[in-house]
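S.K.: Letter by letter, the chains look like this.
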Amino acid sequence: MKTVFTVAMIVILGVANGAAGQSKSVGSGVPKNAMGIAKPLAPAMPRFRFENFTTANGLPDDHVFSVLVDGDRIWAGTENGLGLYENGKWKTFTTRDGLAHRAVLSLALDKGTGDVWAGTMGGLSRISGGRIDTFTQLNSGLSNDVVYGVSVEGENVWVATAAGACKLDLHTGQWSLFNERNTPMVEIWVYGVTATPCKVYYAVWGSGVLEYDQQKKIWDKYDDPDGETEMVLFKDQGLIHEITTSVSYVDNILWAATYFGDSRYDGRYWHNFLTKDSGLPSNFTNVVKGVDGKRAWFGTDKGLAYYDGTNWAVYRPSLVTGKPEMTVRDAKGNVSPIAVSTAPAHNYVLGIDFQGDDIWVATAKGLSHGIHQP
Amino acid sequence: MNGRRRDAAGVLSALAAVCAVALGMCAWSGRTARASVTTSRTGEKLAYASPVEMLFSPDETRLYVLCQESSQVQVLDAKSYALVKTVGVGAVPRGFSLSPKGDRLFVANSWDDTITVINTKTLEVEATWPVGAEPSSVVEDREGKHLFVANRISNDVAVLDAQTGAEEKRLAAGRGASYITASPDGSKLYVTHVYPNATPHRTSPASEITVIDTGRAVVAYRIELPFVAHGFHVAFSVDGRLGVAANMHPKNLVPLAHLEHGGAFADTLTFFGADVGKPVEVPLDELERYAVRPFGIAITSDKSRIFITCGGSEMVTVVDVPRLIRYARMHPGSSAQDLSASANYVVGHIAVGHDPRGVVLTRDGMKLLVANRLEDTISVIDTKTDRVASTIALISPKQLSVLRHGEQAFYTARYSFQGQIGCANCHIDSTFDGLQWDLEPDGFGRDIVDNRPIEAVKDTEPFKWNGGNPNLPTECGPRTEKYFWRAENYDNLTLTDLVVYVRSLPPRPNRWRLAGRELTAAQERGRALFVREVDKFGNGIPETNRCVYCHSGPKGTNQKSFDVGTKKATDNAGLLDTPQLTNIAITAPYLHDGSAPTLEQIWTVFNPQDKHGRTNDLTKDELNDLIEYLRTR
Chain C
1 MKTVFTVAMI VILGVANGAA GQSKSVGSGV PKNAMGIAKP LAPAMPRFRF ENFTTANGLP
61 DDHVFSVLVD GDRIWAGTEN GLGLYENGKW KTFTTRDGLA HRAVLSLALD KGTGDVWAGT
121 MGGLSRISGG RIDTFTQLNS GLSNDVVYGV SVEGENVWVA TAAGACKLDL HTGQWSLFNE
181 RNTPMVEIWV YGVTATPCKV YYAVWGSGVL EYDQQKKIWD KYDDPDGETE MVLFKDQGLI
241 HEITTSVSYV DNILWAATYF GDSRYDGRYW HNFLTKDSGL PSNFTNVVKG VDGKRAWFGT
301 DKGLAYYDGT NWAVYRPSLV TGKPEMTVRD AKGNVSPIAV STAPAHNYVL GIDFQGDDIW
361 VATAKGLSHG IHQP
Chain L
1 MNGRRRDAAG VLSALAAVCA VALGMCAWSG RTARASVTTS RTGEKLAYAS PVEMLFSPDE
61 TRLYVLCQES SQVQVLDAKS YALVKTVGVG AVPRGFSLSP KGDRLFVANS WDDTITVINT
121 KTLEVEATWP VGAEPSSVVE DREGKHLFVA NRISNDVAVL DAQTGAEEKR LAAGRGASYI
181 TASPDGSKLY VTHVYPNATP HRTSPASEIT VIDTGRAVVA YRIELPFVAH GFHVAFSVDG
241 RLGVAANMHP KNLVPLAHLE HGGAFADTLT FFGADVGKPV EVPLDELERY AVRPFGIAIT
301 SDKSRIFITC GGSEMVTVVD VPRLIRYARM HPGSSAQDLS ASANYVVGHI AVGHDPRGVV
361 LTRDGMKLLV ANRLEDTISV IDTKTDRVAS TIALISPKQL SVLRHGEQAF YTARYSFQGQ
421 IGCANCHIDS TFDGLQWDLE PDGFGRDIVD NRPIEAVKDT EPFKWNGGNP NLPTECGPRT
481 EKYFWRAENY DNLTLTDLVV YVRSLPPRPN RWRLAGRELT AAQERGRALF VREVDKFGNG
541 IPETNRCVYC HSGPKGTNQK SFDVGTKKAT DNAGLLDTPQ LTNIAITAPY LHDGSAPTLE
601 QIWTVFNPQD KHGRTNDLTK DELNDLIEYL RTR
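Note that the protein sequences, when read in sequence, are chains C and L. Last residue of the first sequence: number 374 in my numbering, and the count goes up by one each step with no gaps. Last residue of the second sequence: number 633 in my numbering, and the count goes up by one each step with no gaps.
In short, the hints are calculated from the structure, not lab data. From a predicted model like this one, the values you see are computed outputs, not experimental measurements. One or more of the hints may lead you astray.
[Stated by the list, open to error] No more than 27 Å apart at the CA atoms, straight line, and that leaves these computed lysine-lysine pairs for DSSO-like:
1) L/145 to C/111
2) C/216 to L/169
3) L/278 to C/91
4) L/85 to L/101
5) L/169 to C/199
6) C/89 to L/188
7) L/85 to L/367
8) L/560 to L/464
9) L/101 to L/303
10) L/568 to L/251
11) L/169 to L/188
12) C/235 to C/199
13) L/188 to C/111
14) C/111 to L/169
15) L/101 to L/145
16) L/620 to C/217
17) L/620 to C/216
18) C/221 to C/235
19) L/169 to C/217
20) L/458 to L/482
Chain C extracted, bound-state conformation (with noise of 0.2 Å):
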């Protein structure tokens, strides 16, 4: 009921912060030169056309914490059961089905089987080929039921718990857990996880970003090299906080979010990303998620965020005037307002997926789709 009750503030607290932070809206004017005219048109950044889902249109519920992609085929984890999208209509699957539990916090699709992986705060569900089996601390070896983070690579399931991060072999069923006894963990309540062949990244909330090298079967940890939680003294020279909250490794590339800005790391550099010196809306960022090497979103308390390496994007309900807006943000710091007529249903963004050039978006107030306009 704790956890249940921090993520609910989690999530209160952020819309309400998104309600208040409308003052400081990006792009309160548009550049322009000496003239008094516009300057030239803002770098080329995605544009897309939201569709978006809630109770009303058949979502399970409003408050929608993951989403992920399958294909043609849509999966929603909400506060109330999960949701899959097929064919234009919306079914949900709920406790009486055999998920883990209502609220459906994380998804990660196993490429391989077509099986989906849900982390709920009851524990985690398999779906597949409609069947849901569910493993929880006391039927099973998973380390907690609170499961924020799930990730499938090959034959191995990696997931983030409230309690430590752990693994499922699926060939032999054994579990392996990691908390502050056999990794650098400090602190164990583990947010995120993605695991691919070389890497498995855990974002650990106070802890920083955990890697696992699977070729070396060896841990490592990175952190906030100043060690300060209210400022940043060494810019790029680490990651930028110990309050991660979403890890995505892309191209041999991380993407750390935190609750206090974001990083990118190739394995040599570090560089942070804070609302001062970058497009991002704000530095609360609840979830990255890397196209590639150079390009990442950022799901943040205050918008969608699009990194393409130089320029951003923001995708957004105004927090003036509540209606659709879309800047974008150049190299040199200038930033353009798009006309658009469609935004994400809210603000609160907490889950990021791609579909082609489409993008789904999982929000505090509903689930967007966002149809890539050329």
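With the hints as your guide, set chain L onto chain C.
M.R.: Chain L in isolation, oriented as in the chain C frame:
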């Protein structure tokens, strides 16, 4: 502790006496070659053929016969049935299939976890590929891209590269995945399971048919089989509109007291496909003629009749398809409990040999061949007359050994009331059934018991969860006869041979032990917990509360009874016999009444007072280590 320790000398004496009786009866009966347990009088090893499956070559010139005990494929001329060649394969082969081109024969070797690839031109073994745990059947897709292998113990279907044998992935199947059948167009595979999926305690069992999309090599959907615990072969009509699965439908939620009322099992078929719509389950049993353990299925090409082998009844049951479809459309859902139903569609019974298994029709539909596993023969049935036209003797020892006779007694249903069940009904393929039963002797609704496995059961007496039966002759004899069979007694010779057979059952290979039998780091940590004498707070653990005290010895039992705090309101007593640990990883559920679905729950749920060993001081990762060690037992 109120141990019921048996005097070891007494056990030996009893065994010697049993053997003496057996030998004496053998001489008295005048049967030949029953001189020893595993060898004939002349001393050679008796590896019976034990045919389980058959296939015709695409041109129907050859008949391939999969022989389980002799670990070989016997290749016969399909017309004369003369032996062409014998090809050795791996240990305990359970299933085989031809590639769509017919150029390769794939054999699933269940005890050494391999696939043997036989070149059908040269009849030589081309390759042997490692695969998952207890492979039981194998099918190649039409394109020759993937090989699908059902793994009984790992409960999955391995997807291999059909050219190299490299495993690409495993698909989650049901529990005890064993038999794979391709749809006529090859687009789907249908996987059946010999053990039930997990369901809440004391609720109806359930199984499934896992349907695999061969093109994408993923699970497409699952056909639910409510009430079914054990599934065997599937067959399709040529037009693909009718699928048929052979099932066993246990009645384990009611007291097992009324065998005379049809109280233990329904032997059923489940129909699915366009001809019937939603799946329909129908019984094959009649009031005084049961179709025990339906296994193999063949459908005539004109979709007029279905032939089903019934292992325990030693017969083939014949079903009229049009009549059956009419019945199924009028009786949706399950009619399994209706003993009058089969009169609507069962049109014949054909007596064959001991434990008939695989079945195959000739292309012209004129002959039906049936593999009689425990007789080493093939019955050739004339489908016009539904009579056995001839019986082909496979290359196999001719003497009937003690073990073979005991195994026949184990698998036949002829001793039970109306021939309803045999030992193998609850001990599937001589193992377990994953079910809990309410046996009458303890009182209706009292002492619900989980069915314990019987592999490596030798030297684990006493038997029953309350330790009430001192030895196997008692367990298999008077108890079985009185409470299960309610029919004729075994004669002394048959009981003795049955006991010797059960006592001889080896443990299947343990899949969690490394090849060199050394322990992994986690297993070693678990072993240390298993034998520890001091808890994590430095307090000594009383000897009788250490894991290793009760679960001692090579089989993990000290053969005594203890109260481990698991007595339920329905139990008559809290003292329970210590179960052996042999292959404990695969015999869920656990505890005497099967109330713990997983090993973890023995301690996370059912050990609040630390009476089932001192475990509540352990962290989660330590408990995981303990379980990793137990899996090696």
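S.K.: To test your reading of the hints: which numbers does this structure violate?
M.R.: The structure breaks none of the hints.
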